[in-house]
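A.B. asks: The primary structure of each chain is shown beneath.
Protein chains: 2
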Amino acid sequence: MPENRSSRPEGTWRPRSDRARQVADVLRQQIADGAFGSGMLPDERVLVAEFATTRNAVRDALDVLRAEGLIVRRRGVGTQVVARKYGHGLHRLSGLAETLHEQGTVVNDVRVAAPMRPPAAVAARLGIDPYTPVVYLERLRLLGDRPLSLDMTYLAADIGTPLLAEDLRHHDVFALIEQTSGSRLGAAELAIQAVNADARTAEVLEIDEGAAVFAVERLTRLACGRPVDLEMIRIRGDRLTLHGDLHRSR
Amino acid sequence: MPENRSSRPEGTWRPRSDRARQVADVLRQQIADGAFGSGMLPDERVLVAEFATTRNAVRDALDVLRAEGLIVRRRGVGTQVVARKYGHGLHRLSGLAETLHEQGTVVNDVRVAAPMRPPAAVAARLGIDPYTPVVYLERLRLLGDRPLSLDMTYLAADIGTPLLAEDLRHHDVFALIEQTSGSRLGAAELAIQAVNADARTAEVLEIDEGAAVFAVERLTRLACGRPVDLEMIRIRGDRLTLHGDLHRSR
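First to last, the sequence lines map onto chains A and B. Mapping of the first sequence onto UniProt numbering: position 113 corresponds to residue 113, and the numbering continues sequentially without gaps. Mapping of the second sequence onto UniProt numbering: position 155 corresponds to residue 155, and the numbering continues sequentially without gaps.
Simulated from the structure, these hints should not be mistaken for lab results. What you are looking at is a predicted structure, and each value in this text was computed from that prediction instead of being measured. All C-beta atoms, glycine included, are put in the ideal place defined by N, C-alpha and C. There may be inaccurate statements among the hints.
[To be verified] Short, incomplete list of chain B residues facing chain A, as computed with Cβ under 8 Å:
| hint | residue |
| --- | --- |
| 1 | ARG92 |
| 2 | THR201 |
| 3 | ALA211 |
Turn these sequences into a full structure, and let the hints steer you where they fit.
C.D. replies: Following this line, the structure appears as structure tokens:
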């Protein structure tokens, strides 16, 4: 089929696994973008034509996406998207419930909310003495009744203590801080890692041990520049995509 | 030991695995930040005191970090950081070699560089007709002679074709585009996912199958707004941390 040949990179023989990865990457992004409105992927033959590749490469690509838990394949029905991904913007500092309010209700299962003495590394990030207590929050965050992330939050005592009397189950910490302190939040520094979930985290997030998760550290400051909120967040990789814009010159 | 008790969140019994995760998260971030200049972690007893926790929780935390390939523990020597992570900023649109030039030399193993007919989804992102060929590049990017990422790049033909005559092994695509086209790059849209590496990607990146990797889609535009460069990038999670700033009001 000359049609197929002309669509491969010219003059290059490529192993099937490389072609399969190329197909899987495009489909993964389409799934993340919600491109398949019906929730059904096109038929295998359509994908073979669309990617101008072989049926085996398409099957391998679908196997990769199935192993990631994004799709299920049902005989006689077709290939269905099962894991809708939510988008979280890196454009603006905002809480999870604020960001996802159009996509569902965020509920926080508050596992710990209490004062504690911070580890020295945490105290240093918050710019406080290690013997000064902080308020520690540990919340399992659910969207549509399913776990989305596990957040460990260390708050400067004057900012965190008033939150212990608030409704942490239904409100973002960001909104509560601004409300109880009367101060606006300013900026946050973010560090994002991709890690494999350890056994216990996997159990809490209801994913397989070893599943890919985002490990995010976020240090949030008041508008005056004072750091008050250090969070270590583990986010299910199969449920969230992070979106951002980059500019060449700034 | 009252010292230890007072440092746990008050009035809360917590399973050892939760305390271990808390310790692991702080240490992981310190490793990513290069906090252990000597490459050695403090002695177990020091960590027990620092985190005011039990020796078993510290050991579990170190097991988690070891399973992630970040540290090795040697009897009689101690705990050593083995996987230094590189930082890549989300502050500005820049190529890998540009960003990491202070940390080492980026070399690109060019696996494919040729014209091809794009999949319809790729053509749509680039705003071109699906029967218009693009230039496809597939590069394994090495930093310090070890794989860092696998980049699949689709370039509009007029932008990509001149690059085929350039030294893709030693130069970022961004720099080459600006040089050969005479146009400045403008902004890019970024979507970041955390996924488990499939078998073949793992082999190419020299990691275990299933290891957590970033899957990044980046659509880059010329300063005039025209989209010209769509990249699907798989980055080793154990070698890179993404850094960004967020602002509450913009």
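A.B. asks: Each hint should be assessed against the structure and marked as holding or not.
C.D. replies: Here is how each hint holds up against the structure:
1. A cut of 8 Å between beta carbons decides the hint on B/ARG92: the least distance to chain A is about 6 Å, and the hint holds.
2. Satisfaction of the interface hint for B/THR201 is found here, the shortest Cβ-Cβ separation to chain A being roughly 6 Å, below the 8 Å cut-off.
3. Interface hint status for B/ALA211: upheld, as the beta-carbon distance to the closest one in chain A is roughly 7 Å, under 8 Å.
Violated hints are absent here; each numbered hint is respected by the structure.
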